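Asks: In order, the protein sequence lines correspond to chains A and B.
Going by the numbering used here, the residue at position 263 of the first sequence is 263; the numbering climbs one at a time, nothing skipped.
Going by the numbering used here, the residue at position 629 of the second sequence is 1629; the numbering climbs one at a time, nothing skipped.
Don't read these hints as lab results, they were simulated from the structure.
The structure presented is a predicted model; accordingly, all values stated were derived computationally and were not measured.
Keep in mind that a hint or two might mislead.
In the DSS-like style, the derived pairs of lysine-lysine whose C-alpha atoms are separated by at most 25 Å in a straight line are [to be verified]:
{"hint": "1", "chain 1": "A", "residue 1": "Lys39", "chain 2": "A", "residue 2": "Lys162"}
{"hint": "2", "chain 1": "B", "residue 1": "Lys1476", "chain 2": "A", "residue 2": "Lys39"}
{"hint": "3", "chain 1": "A", "residue 1": "Lys140", "chain 2": "A", "residue 2": "Lys154"}
{"hint": "4", "chain 1": "A", "residue 1": "Lys217", "chain 2": "A", "residue 2": "Lys140"}
{"hint": "5", "chain 1": "A", "residue 1": "Lys217", "chain 2": "A", "residue 2": "Lys299"}
{"hint": "6", "chain 1": "A", "residue 1": "Lys140", "chain 2": "A", "residue 2": "Lys152"}
{"hint": "7", "chain 1": "A", "residue 1": "Lys152", "chain 2": "A", "residue 2": "Lys162"}
{"hint": "8", "chain 1": "B", "residue 1": "Lys1476", "chain 2": "A", "residue 2": "Lys42"}
{"hint": "9", "chain 1": "B", "residue 1": "Lys1457", "chain 2": "A", "residue 2": "Lys42"}
Facing chain B, according to a computed beta carbon distance under 8 Å, are these residues of chain A, among others [claimed, not checked]:
{"hint": "10", "residue": "Ile22"}
{"hint": "11", "residue": "Gln25"}
{"hint": "12", "residue": "Pro85"}
{"hint": "13", "residue": "Leu92"}
From the three backbone atoms N, C-alpha and C, an ideal C-beta is built for every residue, glycine too.
Chain by chain, the residues:
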Amino acid sequence: MSAFSAIGEEREIDRDEFTPGIEPQPTWCPGCGDFGVLKALKQALPEAGRTPDETLLVTGIGCSGKLNSYFESYGFHTIHGRSLPVARAAKLANPNVEVIAAGGDGDGYGIGGNHFIHTARENHDMVYIVFNNEIFGLTKGQTSPTSPKGHKSKTQPSGSAKDPIRPLSLGLTAGASYVARTAAVNPNQAKEILVEAIEHDGFAHIDFLTQCPTWNKDARQYVPYIDVQDSDDYDFDVTDRREAADMMYETESALYEGEVLTGRFYVDEDRPSYGQEKRALGEMPEEPVAERYFDEDYKWERSADLLDRHM
Amino acid sequence: MYSKGFRATVAKFYPLRPPAGRDQNMAQDELIWRVAGGSGDGIDSTSQNFAKALMRSGLHVFTHRHYPSRIRGGHTYVEIRASPEKVQSRGDGYNFLLALGDSFARNPQDDAYYGNEEVKPLSENLDDLREGGVIVYDEGLLDVSEIDDFDERVEENDWHVYPLDLRGLAREQGREVMRNTAGVGATAALLEMDTEPIEELMTDAMGGDILEQNLEILEIAYESVKDDHEFTHDLRIPEHDPHDEEYALLSGSNAIAYAALDEGCRFIAGYPMTPWTDVFTIMSQHLPSVGGISEQVEDEIAAAALAVGASHAGVKAMSGSSGGGFALMSEPLGLAEMTETPVVLVEAMRAGPSTGMPTKPEQGDLEHVLYSSQGDSHRVVFAPGTVAEAYDQTRTAFRIAYEYQIPAIVVFDQKLSGENVNVPAAHFDREPNPDLGSVLTEDEIAEAAHHSSGKFKRFTYDHEDGVSPRSLPGQKGGRYLATGNEHNEVGHISEDPENRLLQMNRRLEKMENIREELDSRDETHQTYHGPEDAEYGIITWGSQQGTVEEAVDDLNEMGHSVKSLGVSGLMPFAAAEVEEFLESVESAMVVEMNATAQFRGLIQKELGRYGDTMHSLLKYDGNPFEPAEIVEGFEVQTDGDRASTAANTRYEPAVGD
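So here's chain B without its partners, still in its complex pose (with noise of 0.2 Å):
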């Protein structure tokens, strides 16, 4: 079915190609800083204190991370763009590199199955370097004599050069690995950006002789940088004013934890798998001074297995995992599904199958969290956008996963999981909801309906929404047998027919009613951005959502007429308003990380048509969408005449096309 999709336009596409309107000329609107190094040379830790810093400075910031499944050495980057304006994406390439050096590469030999490790952070970064755009290097660890027709390029590319030895200060001031903080200030003096903010994140973070060496190597740094060198590039940091409110810099995996926490979650158990890892590892760092229960456990069988026996005894709980990991829950899944117990699961997706590139992200495992686990599932699976969408729609899946009785999956993916971005403090001002949703109290369970045994009712046929309200071991009076097998009132193996179909029919009811319920919300989780009347669409879903938007900023700055939708709701699925978006364009370009289209397929399932109106485009080569693909994309799919440069995304095209 996808042979017509298989058509891929290979070409070489180097370097990525900003779009019109948000080139080099934009370059000092925006400043996207990407520091190289090796794994485990503290980069993420160095990246994350700068991009707080130019948060405090008043800047708004992006972070995008790179790394390998590696523990120490391996090429790893992280890129920070910030601008004055809100950030949505990683933007098209980068125009400022500091490239430190790799301590843990290994030695070059010829034809090494790594390559020259040493020259990595230098040589693996130039492609995406704009033009005009300035590097760092530290002459200390990294020679580019070492790298093919690196002056050729430079010349080429109009790229502004600083060789510093960043090693040989780190030694001379007492420990290499301030090498890093060197860097910061040497990057601090190039832009021409005060460093007070970093100097104040470092005093918060750092103390004593630390602190002072420290201090010293950035001031060092900055003015050595500043007094030595003729500056011949034009990139400065951003003009820009205060914030006019507070601001958090945070990951997706932070805000999935913290509405967890939020909305009384006080039981984790789970199992390391990268990238579900960083949720886990927050909520367990927090859980005890908040009294709560983490536990690593087994396998990923006993994490939701876990989740699943700590809510029904009447913990808000919660687990989850990555692809594989997932694939081991599902038994576990099924097993809440028909028991009726509350609990909520995360997928960070990754590329997969199996192994597949765990530090990579992708959008491969829709269908898997869809319907993973025997039987017809029911379950309700959100998929955020953003790191602010990823705090409201866990709390979200919490609140509706504790009133219906129902399994709630929020599922999200490397790249959500892992960057960084600024989001206003207030967003996180809520009250917390420790509700347990539909669980009686005791003297509800003596008003509530029991068998002539004693044995209370827990699954009874007749609820307006749906939900039977349950009780939990230990309550008066609240026993009940909660079982796998179909079962009738009280919770009893049975077979009967006509008790299978008013159980069935009354979980299955609960989806309808769920849908519903956030139908009639006053603001939808969906996200629609661009001109309402727009001829073209973009649809999307989790992650890439903020990248679509800029593209779609983009392609109406150039002259197209195009809005985008990001959908959240794909269980139940947001029916209404998908349908709503297609019947509003001419036609919609469906963009998700994934080879086989699964999120359009879900689309035409769940509406029925549609086949002839999306077209798709997807990458799946471990690498997020730039925006700029998602132009190109578009261009190619609506203008017949712009023929493809892109190597790394497909175009699939629409039924009968």
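If we strip away everything but chain A, and leave its shape as in the complex, we get (with noise of 0.2 Å):
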């Protein structure tokens, strides 16, 4: 019997179980995108059939990284650009665990850039939201990895010199194995983006606009959006990887020409995730390493037993 009976409960989930009753109202600005993420999370777990308890969401440091403070489930508010080395050891500790890692441009794509690299190469079985609004919020308007070039601000005083980053390039070259971009004002694709994601076995990378209506008041609105799925503009097939580059190519730099396109732009359901690529080689077990230390009858391994090498 499992130590963590939460882990696939079968039983109808109300989406109000995961507005925390101790702090049900974000503190985020009016008309902050933050809040269109927040919402489609909160349809998109009970849709996927997790529950509060089964599911850790890890964030990093930013607007963003208040997700799991207005977010009722296990909760890891983490460091700046950290969320992802903690949440993917959370995930290979127990695999069961729905582990959903959540936070700004500036910590996944900047200060975190390492760690979105390699665990996207990793392709472990996680869901990583970014919150790109495209500038840093909460320490009031800075320039981000996302800002685009001669952005102005109050640290780039005559306008950012660099380009952008790609992000959804960054997120296929580094190996995600689904890699979607969504728009706050559009919360329906959000939402089935993110049942997709969580239901994806590998990294789902979730490129995720957020309109920042104080401090970027610049940027569009996102909208008018387009889903490249929906429109007859865009005809790619999003399991063809070099087809998959041109369009994201063509997305990044639409987005500085004021069109916004959104939608699925890589699934690769057939690459292994990174624990059934650990499993094969036998460097983790079958059963979650976490139930262990609950099973009375498991005969702990000694260091008595690998002396003899050294006598």
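Two chains, two separate frames, one set of hints: put the complex together.
Replies: Right under this line is the structure:
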């Protein structure tokens, strides 16, 4: 019997269960895109059949990092840029827990960029939501890794000399097996993508456009948006890496021309997740390690049995 | 503040002078065999097998490894000290040199930056060789005519030199790499030691033709040395009885890894860095077979963060690094403190700052380990002094970490990491402890306090020992928020002053309780040596302990009245024991391998006095102390008439001296 009985529990799940009684009202600014992520997430989890007690929502630092203050589940609000290493280890420790990581574009593409690359490369079975508002919000409006070239801010008074990161292309190149972009202003699509991402066995990277009405007034509200799957103007195979790469490049470029393209950009259902790879190599047990500590019959190995080689 | 101390007495210290009572007269009682060659020539494995053979034959052994930060080529040596009595340090100098060639040596050029590498296995090792010592060198690769004044030095020091064409012999037998085995055979012949334990070990490790060829060359070398040479030297294998109990030959890194396995640690994350890599490698090789997980990750920030994540989800976890990598861990370390996530980190120190000297020991990271990360640090730090202590204290580190939900650090160094010593096998014959510590079961969670909205109160204020039990993701009814922000009882962010004080005080209270628990144990983590009523004291921490204890023995034999204290409980500090020790002596010399007397500073900070009682003996040239240096340091400091001859150590007087 599992020591974690919330996992795999079959029951009706109400989306209100994901609203914490202790802090039901987010403190985000009125009109903030983060509300859209929260709402979509609250809808997606019951639809994917996940309960608050079997979900671990791991966040970084920034406005987006507050997500798990306003979302009822197990939560780990970590440090700036480090949500992914904490999250992926929790997944390895107990693969049956639904692990979702989230953070801002500075958090994920800037300070945590190295972790983003390597977590995607390893294809951990988890969802990673990047709140992309093209700005540093909580520290009051500095230029971020996704701010457009020429973006003026208090820390880039003459305008940014840097080209922005191409987040979708970066996710693809690094090795994410599911890459999508959605927008806070399109909660239905966001919810659908989140459900797909949760159900995907591998690293699902969602670049989530979240408008910042306070510090990034110049930026669009990400409307009108175009769903590339629904539009007749775009025809590409999301399972074809090269076509996906071209479409991502076009999408990333278009954003700075005022055209908001969203949808699924790359889906590889065949690639084994990291846990599957490790298990195939015999480097990770079939049963979650976390369960073993509750197994009273388990015979724990002793180093005394390893001493022969030293004698 | 160190202005006084920087007065170093510089003098030529050549060769190292053994103390009275441990000089050539005692040479028969111990063998210190140094095998020298090039990096990549198999010196390490050759020496390990020889050490094991000596141990199997009934001797106590202690090894010391010296190597450059290079893969191929560069002078390297391993010293094996073997004695019928317990040995606790590398000893002073050595008495038998086996100089193999450096097959990766660069061609000698005038004024080459790395010097004449071809002759280094011989030339670099002469300074420390005792009078009357034995030299065996491979004349197939080494030419003594390239060494200045070789013959004069041989005569002056009464060295006994046996040139042997080991390479030629190995070539004849088919494989040049076997010159190491030939050297071991020659060593055995000259020491008149039985080759059976060596043959047994070869049989265990090799098979087929390779075994046959090695056994053959061992015998040929042994016989030919015996038959063709007249032995002029006195040194023989020390007389001894067989061991009366079983021993295992282990390093500090082995001991730390085995302790982790016995504590039920089934997750490690790391990034390679010398010398921490040893622990990481040993764990990575064993974890899959015990159903554990090892992760080599992108950097040390990730490594420590993974250990925190795994532990948060309910698996006993560790990470670690050496100085530079540990610096990157400071943020996850603070996160573990704030979220009260148990985790064990190991810090294998090497000489700093920055990249420093990657393969050389130093104890310069003490303050780094104690205080790294923002805010008021609260963590547990143990500094084991020996291989056996490394095992014991790593086990305690896990137990404390998981009981008290606090990061625990085991700090050691390149010396303890790599030195092999024989430890009674019975030391490891213990029950495993997979207990997760203060974690609730689902039944217990159901009974525990919850917010009215259903959230589990993970961080409640009132607990006798400051520990509020935790739940694990996936447990029914246990959901809560963990955050690096200050937080309230259910983990939600809170900047309320009253809550802040309650949470801070509760977390800090754990430190007092941990010290109280450790102090109330039957066995202390501190190590005492020498006569209890001695007049003077020597205090040290970590890996210098064995060397200090040998020096204490020598000093007492020489008529001094001195005892030592090896401190392992650095945080929470073992204040009562250190205070009692300091109260019992006239003055104490603090011995540590760093330049700024960090440990002496810690004692003063923790005890608030004794600045005028403690003086320092410091060494930071990349080599660990030898007993004679401590003996001399003590004599110079307690006897105003004796002048220092040491160039490699520094004295720092007591405050007000």
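Asks: If a hint holds in the structure, say so; if it doesn't, say that too.
Replies: Outcome of the hint check:
no., hint, verdict
1, A:Lys39 x A:Lys162, "33 Å, violated"
2, B:Lys1476 x A:Lys39, "24 Å, holds"
3, A:Lys140 x A:Lys154, "9 Å, holds"
4, A:Lys217 x A:Lys140, "12 Å, holds"
5, A:Lys217 x A:Lys299, "61 Å, violated"
6, A:Lys140 x A:Lys152, "13 Å, holds"
7, A:Lys152 x A:Lys162, "11 Å, holds"
8, B:Lys1476 x A:Lys42, "19 Å, holds"
9, B:Lys1457 x A:Lys42, "23 Å, holds"
10, Ile22, "5 Å, holds"
11, Gln25, "12 Å, violated"
12, Pro85, "4 Å, holds"
13, Leu92, "5 Å, holds"
Checked against the numbered hints above, the structure breaks hints 1, 5, 11 and satisfies the rest.
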